[in-house]
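No gaps in the numbering here: position 326 of the sequence shown is 391 in our numbering, and each next residue is one more.
Just to be clear, a hint being listed does not mean it is correct.
Below, simulated DSSO-like cross-link-like pairs (lysine-lysine); rule was C-alpha separation at most 30 Å, straight line [to be verified]:
(1) K366 to K188
(2) K133 to K111
(3) K273 to K304
(4) K109 to K92
(5) K111 to K226
Pair ranges (Cβ atoms, derived) [claimed, not checked]:
(6) T409 to N385: 18 to 24 Å
(7) R466 to D224: 28 to 34 Å
(8) P147 to Y102: 39 to 45 Å
(9) F387 to E428: 56 to 62 Å
(10) R466 to D379: 23 to 29 Å
(11) P147 to T409: 44 to 50 Å
Rather than coming from a laboratory, the hints here were simulated on the basis of the structure.
C-beta: ideal position from N, C-alpha, C; glycine also.
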Amino acid sequence: MGEFYEIFERNREELKDRLIIGPFGDKKLYKVVDINYIQGDSEKVKFSLVNTKTNQFIPLILEKDDLKEIKFALEFNFSGDPHRFFMHMMGNAIRSNFNQDPLFAVGSSKIDPLPHQLLAVYKYILPRPNVRFMIADEPGAGKTIMGGLVIKELLSRGDVKRILIVVPGSLTGQWQEELKIRFNEDFTIVNSEILQALGPRAWTQFDKIITSMDFAKNEVQKKRQKGKRIIRNSLISIKWDLVIVDEAHKMNAEFIAKTMQQKITRRYQLGQVLSESTDHFLFLTATPHKGKSDSFRLLLKLLEPDSFDTAYMDINTVLNQFLDEGYPIFIRRLKEEMRKEDNTHIFPPRDAKTITFTLSPLESVLYQRVSDYVRHIFNLAIFIGGQSRSSIGFMLKLLQRRLNSSVRAIHRTLIHRKEKLEEILNNPDFDKSIK
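With the hints as extra help, turn the sequences into a complete structure.
Okay, structure coming up:
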């Protein structure tokens with residue numbers, strides 16, 4: 066028996082001005098103006114209702130038993146828990162905030178980004194339909210911050226879920242820590258121990274993964290071990306939403322002009338596999354070119370395979386075409402170009418000066434004697450040849466640096482060398498003929 070029916074039986078005056086969900090099956094809201102029995106018939110009820118949206122007055126006659134099916138509408142009041150209401154409201158605001166806040170990831174992270182970082186992420190990278198881009202700023206630009214912003218923005222928009230970050234082995238822990246502290250994102254490092262414990266499913270068990278470039282390159286290879294063919298291709302069939310490669314220039318390849326063929330490294334093969342397994346592909350590097358245009362072209366080919374497929378092509382022309390279309394794929398800023406919000410230099414400008422000075426007579430003698438000694442030992446190294454030549458060359462460079470540093474520095478170095486040579490000469494196993 067419904068609540069409406071019970072109140073009608075008890076005191077139908079309480080039903081006036083209450084909101085009900087219409088008895089017509091239309092789920093519209095109606096306000097009860099009056100309700101009473103039809104005179105002389107205790108089984109029929111006369112209603113007077115008003116549609117709350119149109120204010121239309123509706124007279125209605127129902128069987129008494131039909132009142133059991135009428136339900137009250139949820140009436141608005143302020144009797145709820147204000148804390149729960151506030152938390153629900155804030156949750157909805159956060160969930161949809163990226164639609165309203167163009168810098169959503171900045172506000173939800175513990176970072177104070179610099180102008181050049183915001184420019185790269187929000188002007189050049191995120192407007193692209195697919196993030197296939199290379200950030201090639203000079204060292205110190207904060208490429209980890211830019212990578213983290215891209216991750217945070219794409220996650221908040223629901224564009225990505227599965228993320229792989231490929232870095233040099235020495236940087237896996239640093240990336241994991243930075244993403245946790247600055248962006249509150251938990252990434253799992255997948256290495257040989259994890260893969261040995263979980264097998265190939267390690268790549269699918271975690272959605273956010275960091276791995277070493279040299280470890281990952283082995284997972285797209287076919288190897289032989291003790292006469293048996295061991296296939297390690299656990300990464301080949303894995304799909305990702307976003308792949309970020311730090312120190313991307315290490316995935317290098319070369320074009321051999323003489324044979325008109327490409328010399329592909331195992332790291333480059335890894336890049337080829339990753340390029341095909343993801344829509345969003347982000348490269349971070351400070352040295353993209355290395356003076357070899359074809360190596361640079363092959364690196365860009367991992368981002369845009371169709372656009373950089375031809376040898377001896379004009380790379381700048383293709384890059385400018387992407388720029389003209391409004392979707393550049395490459396950006397590089399020098400330290401001199403990077404500024405703070407107040408337009409001051411992030412890195413103090415380098416002011417190189419040559420300071421002249423005059424050596425004292427004794428300093429001149431010392432400089433000449435050490436220089437003669439270096440030349441004598443260098444000529445001796447050329448005569449001896451072999452592996453000792455390179456080690457002697459290193460020692461001579463050290464002597465010259467010490468000489469240019471200070472008199473005290475070269476004095477201590479020469480004393481140390483004299484002691485070492487005497488120790489060798491006094492060794493009973495030393496070949497006296499060499500002396």
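Now for the hints, and whether the structure bears them out:
no.: 1; hint: K366 to K188; in the structure: holds, 23 Å
no.: 2; hint: K133 to K111; in the structure: holds, 15 Å
no.: 3; hint: K273 to K304; in the structure: holds, 12 Å
no.: 4; hint: K109 to K92; in the structure: holds, 23 Å
no.: 5; hint: K111 to K226; in the structure: violated, 58 Å
no.: 6; hint: T409 to N385: 18 to 24 Å; in the structure: violated, 31 Å
no.: 7; hint: R466 to D224: 28 to 34 Å; in the structure: violated, 52 Å
no.: 8; hint: P147 to Y102: 39 to 45 Å; in the structure: holds, 43 Å
no.: 9; hint: F387 to E428: 56 to 62 Å; in the structure: holds, 58 Å
no.: 10; hint: R466 to D379: 23 to 29 Å; in the structure: violated, 43 Å
no.: 11; hint: P147 to T409: 44 to 50 Å; in the structure: holds, 47 Å
Hint check: violations occur at hints 5, 6, 7 and 10; the rest are consistent with the structure.
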